[in-house]
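**Student:** Chain by chain, the residues run as shown.
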Amino acid sequence: MKKRDLFIAVLVLLGAWLVISVIFDPPLIPSPIIVSKTLIEEIISGELPGHFVASLWRVVASTLLAITFAAPIGIILGQSKRLNRVFSPFIYLLYPVPKVVFVPIILLIFGIGDFPKILIIFIILFFQVLVLVRDRAAGIRPELITSVHSLGAGRRALFRFVYIPASAPAILTALRQSVGTAVAVLFIAELFATQKGLGYYIYFNSSTLFNYPAMYAGIIGMAIMGFGLYITVDWLEHRIAGWQFVD
Amino acid sequence: MVNQMIHVNSLTYKYIQGPAIFRDFNLDIERGQAVAVLGPSGCGKTTLLYLLAGLRTPTSGSIYIDGERITRPRPHTGLILQEYGLLPWATVQQNASLGQQIRKFYGPDGTHSPSEPEEKIDVDFWMERLKLPPIKDKYPSQISGGQRQRTAIARTLSLNPDLLLMDEPFGSLDAPTRENLQELTLKLWIEQQLTLVIVTHTIEEAALLGEKILLLKQPPNENPEIIDNPEITQPDFRNGKSYLELCKQLRARMDIS
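Protein chains in written order, with our numbering: chain A, 10 to 256; chain B, 4 to 260.
Honestly, the hints are just simulated from the structure, not real lab data.
Keep in mind that the hints are not guaranteed to be accurate.
Below, computed lysine-lysine pairings styled on DSSO-like, alpha-carbon distance capped at 27 Å [as the list claims (entries may be wrong)]:
1. B:Lys134 x B:Lys123
2. B:Lys17 x B:Lys251
3. B:Lys215 x B:Lys251
4. B:Lys139 x A:Lys90
5. B:Lys141 x A:Lys11
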């Protein structure tokens, strides 16, 4: 995608927002100009950046944890038909369960603080990474394994030279697919038992303070975080797994 | 005994389900010989190659290579498959040095790599020899089938094998590329004094690359049927009369089965 096209799309969306806010003038949709002013004020006051960092930390920490645990398990299951046969029914059952339903339980068990929020995003990403890495590892062509084996590679070298590099793109694909869900669930999780994070900020400004411009500033913060994570994954994908994009 | 490279002794091999592919099968291949294994699909030619490579274990009987019984892949045996043997995420240069990387990874442990550490692995020489430098930074998906096989050959030969096993290595290539690589294989076989076992389903390729042609039939294979083809090193053998006659003979013998 060209940067210029992206820029135009941003302008068109802002324009549409402006038109809607001017024509209908609903109290719930302040114009982007007012929101921008509030956004800048909130950034300068340090209020919004604090919440932003709190949210970002939760997403990044849970992502790193998910990769640390799920990727090795995915590789191990993917290269062993026998292990995969044992565990795949469990994964098959648990994978489609919408993990967001566990938010109340996890909050009840673990209470306040960052941990329950990180845990819930971790669970979502964990399954996504696990399944994609496992399938990628299982899908490696037997000819490739055979020929690397014939060069002298035993199990350890196969991990080092085949399974791990083959899984890197799967991890990134998993992140790309689930970054949106992760941010959405983070929002839900931040509605409860916290006074930090963009979710709390948005909710507090809307339902308690009725400060709609600030609420929108929070929404923009959340959007920027989601988009930023998305392009980071994109960038990493091109850097680490650039071979997928050559022509 | 010194001149014997491959000794297959009373080999029986069967998959868990189905009949035996080989039953009490014996085969001897001399050092430096080029043997083509020819037969229809399902005759067990790839299985035989994998057994020789130490990638399959005989149900009973044994296989000796260079006097040693094979139970796992042997550092001085090279294997080249028809396709998909290269790492898709690695460049030609990286793929060609994979064997070297693996040997470094283990060190000279005698199982994964030879125990004598002074053996020289010259990847650059083989890159040059196979005309790979112009494409060294390309990925396998960016190069032609012939270039991919050249990369695989460079990777394998850089490890100084004495036995080269090839499984229909040129099966997916177009005719001129195939011919070119067949010529190159013959040249390298002589130059490197390799023992060569090449599996093929085409009569012409067997006739061109096999000093001895081992004919496999519908399993179980019990007695090896070997056809001598001493003239393959003659210049212009490909266009000569004896080549055509051999092909005719092979065709006839394959039809009988």
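**Student:** Would you mind marking each hint as holding or not holding in the structure?
**Tutor:** Outcome of the hint check:
A distance of roughly 20 Å separates the Cα atoms of B:Lys134 and B:Lys123; the hinted pair therefore holds under the 27 Å criterion. For the proposed pair B:Lys17 and B:Lys251, the alpha carbon gap of about 32 Å is over 27 Å, so the pair is violated. For the hint pairing B:Lys215 with B:Lys251, the CA-to-CA distance comes to about 16 Å; that is within 27 Å, so the pair holds. With a C-alpha separation of about 35 Å, the suggested pairing of B:Lys139 with A:Lys90 is violated against the 27 Å cut-off.
Straight-line distance between C-alpha atoms of B:Lys141 and A:Lys11 comes to about 25 Å, which keeps the hinted pair within the 27 Å bound.
In the structure shown, a violation is registered for the earlier hints numbered 2, 4, in ascending order.
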